[in-house]
Amino acid sequence: MYELTEEGKKYLKEGLPEINLIKKLKEKELSFEEVKKLQNFNIALQWAKKNNWVKIEKGILKLTEKGKKATKEKYETEEFLKKVEKGLNKKEADILLKRNLIRKITKEEIEAKKLAGKEILNLTPELLKTGYWRKVKFKPYNVEIPGKKIYPGKKQPYNRFLFEVKQKIVNLGFKEMRGPLIETEFWNFDALFQPQNHSARDWTDTYQLKYPKFGKLPKKELVEKVKATHENGWITGSKGWGYKWNSEKAARLMPRAHDTAISPRYLSGLKGKLEIPGKYFSLVRCFRPDVIDSTHSLEFYQLGGFVIAENLTFKDLLGLLKMFAIEFAGTEEIKFYGDYYPFTEPSVQLSAKHPKLGWIEFGGAGIFREELTKPLGIDIPVIAWGLGVDRLAMFKLGIKDIRDLFTQDLKWLREKEVIKCQQ
Amino acid sequence: MPTIEVSRQDLCRLIGKDLSIKELEEVILYAKGEIDSIDNDKIKIDIKDTDRPDLWSVEGIAREIKSRITRDVGLPEYSVLSSPIVIKVDKKVNKVRPLTACGVVKNLNIDENILSQIIQLQEKVAGTFGRNRKEVAIGIYNLDKIKPPIKYTTVKPDEIKFVPLDYESELTPKQILAEHEKGKEFGHLLKDCKEYPIFIDSDNNVLSMPPIINSNYSGKVTEKTKNLFIECTGFQFKFLFTALNVMVTALADRGGIIESVKIIYPNNSIITPDLAPKKTFVDVDYINKISGLNLTKKEMCTLLEQARYKPELKGNKIELLYPSYRQDILHQRDIVEDVIISFGYNKITPTIPKLPTVGSIDKLEQFSNILSEIMIGFGLQEIMSYILTNKKNLFDKMRLEQEKVVEILNPISMNFNVFRTWLLPGLLEFLSRNKHVDYPQGIFEIGDVVLIDEEKETRTTDVRKIACAITNNEVNYSEASSILDALLKNINITYKLKKTEHKSFIQGRCAKVLINNKEIGIIGEFCPKVLENFNLETPVVGFELDLESLLNNK
Numbered sequence: 000m001y002e003l004t005e006e007g008k009k010y011l012k013e014g015l016p017e018i019n020l021i022k023k024l025k026e027k028e029l030s031f032e033e034v035k036k037l038q039n040f041n042i043a044l045q046w047a048k049k050n051n052w053v054k055i056e057k058g059i060l061k062l063t064e065k066g067k068k069a070t071k072e073k074y075e076t077e078e079f080l081k082k083v084e085k086g087l088n089k090k091e092a093d094i095l096l097k098r099n100l101i102r103k104i105t106k107e108e109i110e111a112k113k114l115a116g117k118e119i120l121n122l123t124p125e126l127l128k129t130g131y132w133r134k135v136k137f138k139p140y141n142v143e144i145p146g147k148k149i150y151p152g153k154k155q156p157y158n159r160f161l162f163e164v165k166q167k168i169v170n171l172g173f174k175e176m177r178g179p180l181i182e183t184e185f186w187n188f189d190a191l192f193q194p195q196n197h198s199a200r201d202w203t204d205t206y207q208l209k210y211p212k213f214g215k216l217p218k219k220e221l222v223e224k225v226k227a228t229h230e231n232g233w234i235t236g237s238k239g240w241g242y243k244w245n246s247e248k249a250a251r252l253m254p255r256a257h258d259t260a261i262s263p264r265y266l267s268g269l270k271g272k273l274e275i276p277g278k279y280f281s282l283v284r285c286f287r288p289d290v291i292d293s294t295h296s297l298e299f300y301q302l303g304g305f306v307i308a309e310n311l312t313f314k315d316l317l318g319l320l321k322m323f324a325i326e327f328a329g330t331e332e333i334k335f336y337g338d339y340y341p342f343t344e345p346s347v348q349l350s351a352k353h354p355k356l357g358w359i360e361f362g363g364a365g366i367f368r369e370e371l372t373k374p375l376g377i378d379i380p381v382i383a384w385g386l387g388v389d390r391l392a393m394f395k396l397g398i399k400d401i402r403d404l405f406t407q408d409l410k411w412l413r414e415k416e417v418i419k420c421q422q
Numbered sequence: 000m001p002t003i004e005v006s007r008q009d010l011c012r013l014i015g016k017d018l019s020i021k022e023l024e025e026v027i028l029y030a031k032g033e034i035d036s037i038d039n040d041k042i043k044i045d046i047k048d049t050d051r052p053d054l055w056s057v058e059g060i061a062r063e064i065k066s067r068i069t070r071d072v073g074l075p076e077y078s079v080l081s082s083p084i085v086i087k088v089d090k091k092v093n094k095v096r097p098l099t100a101c102g103v104v105k106n107l108n109i110d111e112n113i114l115s116q117i118i119q120l121q122e123k124v125a126g127t128f129g130r131n132r133k134e135v136a137i138g139i140y141n142l143d144k145i146k147p148p149i150k151y152t153t154v155k156p157d158e159i160k161f162v163p164l165d166y167e168s169e170l171t172p173k174q175i176l177a178e179h180e181k182g183k184e185f186g187h188l189l190k191d192c193k194e195y196p197i198f199i200d201s202d203n204n205v206l207s208m209p210p211i212i213n214s215n216y217s218g219k220v221t222e223k224t225k226n227l228f229i230e231c232t233g234f235q236f237k238f239l240f241t242a243l244n245v246m247v248t249a250l251a252d253r254g255g256i257i258e259s260v261k262i263i264y265p266n267n268s269i270i271t272p273d274l275a276p277k278k279t280f281v282d283v284d285y286i287n288k289i290s291g292l293n294l295t296k297k298e299m300c301t302l303l304e305q306a307r308y309k310p311e312l313k314g315n316k317i318e319l320l321y322p323s324y325r326q327d328i329l330h331q332r333d334i335v336e337d338v339i340i341s342f343g344y345n346k347i348t349p350t351i352p353k354l355p356t357v358g359s360i361d362k363l364e365q366f367s368n369i370l371s372e373i374m375i376g377f378g379l380q381e382i383m384s385y386i387l388t389n390k391k392n393l394f395d396k397m398r399l400e401q402e403k404v405v406e407i408l409n410p411i412s413m414n415f416n417v418f419r420t421w422l423l424p425g426l427l428e429f430l431s432r433n434k435h436v437d438y439p440q441g442i443f444e445i446g447d448v449v450l451i452d453e454e455k456e457t458r459t460t461d462v463r464k465i466a467c468a469i470t471n472n473e474v475n476y477s478e479a480s481s482i483l484d485a486l487l488k489n490i491n492i493t494y495k496l497k498k499t500e501h502k503s504f505i506q507g508r509c510a511k512v513l514i515n516n517k518e519i520g521i522i523g524e525f526c527p528k529v530l531e532n533f534n535l536e537t538p539v540v541g542f543e544l545d546l547e548s549l550l551n552n553k
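First to last, the protein sequences are chains Y and F.
Each residue of the first sequence is one higher than the last, beginning at 0 in numbering that gives the first Met the number 0.
Each residue of the second sequence is one higher than the last, beginning at 0 in numbering that gives the first Met the number 0.
Hints were generated in silico from the structure; no laboratory data involved.
Fair warning: this is a prediction, and the values are worked out from it, not measured in the lab.
Glycine residues also receive a C-beta, built at the ideal position from the N, C-alpha and C atoms.
You may find that some hints are simply not true.
[Unchecked claim] Pair by pair, the computed Cβ-Cβ distance ranges are:
#1 Y:Lys147 <-> F:Asn345: 52 to 62 Å
#2 Y:Asp201 <-> F:Phe377: 29 to 39 Å
#3 F:Glu536 <-> Y:Gly116: 43 to 53 Å
#4 Y:Glu247 <-> F:Glu122: 28 to 38 Å
#5 F:Leu312 <-> Y:Glu360: 35 to 45 Å
#6 F:Asp437 <-> Y:Glu247: 28 to 38 Å
#7 Y:Val417 <-> F:Lys16: 47 to 57 Å
#8 F:Lys502 <-> Y:Trp358: 35 to 45 Å
#9 F:Ser359 <-> Y:Asn310: 17 to 27 Å
Work out the full structure, taking the sequences as your base and the hints as a guide.
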């Protein structure tokens, strides 16, 4: 596309200088001195000469025959000038371009030009490139109405909470442990000195597998020690439970019922060298056949672990729980209750006065029984601990039904505020 | 954890001190209890210890508190008179429920409250300690309606008839198992038995059919009953003796007089109840080593007396006598806990252990979090599903042949009876529940699946996976492949896509994801039949990758 230059426009309006010249000469021959006074004399003379329209004789400018003829005919260049708006072919354009009577213009320029002086909605790249933005007005928007709904990608809130808990516990110097989702009863119960006829091992309290049914027991040496401890206390100083321990029952597989199933694997050294002093944790999914309701989920997370060091005492255990209360529930107001776990003695339950929730059962701890630690080759005290994170998660996420931690509601996930696990 | 209901007034009377609720909240800790709820005089108490049935009665709780707050410390003394009553055990019971321990408590003044306490204790002991009557069943009778000697024997299912407790007509044992509420509830304990156990007196009046139901004649205890006969049946004396001792000592605390009976077995005879204290010891140093309390020997003895022991200092050892109703003391540790409870958990100043350890998050968890971040960058919403699902979702709906998977024998719901083997079915299920929500929808999940692996210790292996699914009116394969490409480039992984066929995806629109020629995942547009199976009405594309392979190839 082309448009007339200022010069082009002028010529279109006033006529091309060489035409104006020959029209004048047709009326009357002019001396060179007189011609010099005419507008655009140089251009006029240059093109008139080039076209062989004029000749100079003794200081007088005269029309040639060709020049005389030209005064009666249409002039190509002038015709092209008139056609610029309609469009030129390349040859035509080249002629005018050479004389700088037209210039190339872009589509953007054309578009931008149209907007000049108007009130517009969108600032366009054309306006910016051509500078025409200077010539437009911007229509004001209603900037006070909220924007259209959009949904960012986000972390699942419960997962975010769990990861933040994890980071916090790591900051307290704990190392993460992992263990299998499907466990042998050996690690889930027997290694924890839970007798095989214990009610927690009943059909109604634990899942059993239809397939696969049995796993493998660890090395015989360890199994023998656990067996002896259950039966008669072995060398642990205990009486034992006094029953015939059944290795087949211990080899039965089950979905992991509690996080503590992982600890004896690490204590036994089977997971690599145990660090002493050491602080370990796991935050893992567990499975129990509870009736599903607003306080029982089909699957749940447990946070727990152990602390091992020479000379740990019950006072340290209480201190550990106190630290957790400060870090996770944000309170120093705590109360200890006696508690019972088959694998710890003494055992404690921690209640903490959460600033918003009031008194909550927050966790438990105990010193692992020697019937548990000695068969695993540990002769120093090991504090086992566990914290109830689901209650805190529900509070932080503002949900009443524990099943909503694994929500299937996309709308809720999209609209749920991103919540930080507060200090 | 047993929860028992007591009357506050009754509890205070037994303790011998009137205590406010606030005071009770404190002292209940000595009995490892916690007040659950209060309704006027009625208090519900959770007793934490599942190995101490002696604490599951108002009498037991009072006994434990009394020694901590009054001068009534040390071993509780019970005298046992001997009665002429004999129980003859027929060898036929060997095949069904071989053992019994029995006793008599006389001179009781039973009121409504005491009666409900007796029944409550009986239920808790047989239920929790007796493993729902399997290990211990307890029968309590009006002794005055029984004519000794009593026989413990068996009968054929139709051999006799008697009126069960709170029933009007006579039933045979067989009918009881088929028709009576308790028969239905506990009948499984007599499964495969050809004959059923029975207590019967010398007038041929049936006392009961353990472990199911008492007779209405002698097995009904009311406020008018003065003298009780108590029997426990099961398989191991250590459980039976504990249960019997717990029952008779609670009644003795009510003023009853305990009498022993003679039980004649085919080859020997025993006298029960035996309330002679048991013996053990504890090392002085061990108490301080575990508790960290730096107690003197004298302090230890005082605390032990408050915990109902009778201590005798022998050098660096303390020899101990403790009540016959306790069977939970296996190790010195158990005694240390009693010392600390006497001291009071909340009187101890906690010391926060300062240990030079360095914390760390597991590599795979760390990596999962990084991938999650990248996926969120694509505008995808993270979701979390249950690991438990069903075969219909995993295979049938995905148009796949069923394979062997980890399956639960006793699921709560048939919808959640197997462990997932891949994540995509869960994502489709999720989308199917959100059809009414704004489109486009893009979701992802990072989580574990469980595969059979016969070589492994647990015959299974957990595999961490990452999967995504996108749906919209005009979604296509390239949206999934673009995300996959960007994801893998951002973790510096070179991969190849290789055309493949998979029944869950449209033919010609599915590829394997390969790293070093090893298949680590799949990508494609879901087959319309699959969408139909999940009741989805918009096209869905997605992929699933083995996250551990990604980590190892980084």
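Numbered hints the structure breaks, given as an ascending list: Numbers 2, 6 and 8 - these are the hints that the structure violates, sorted from lowest upward.
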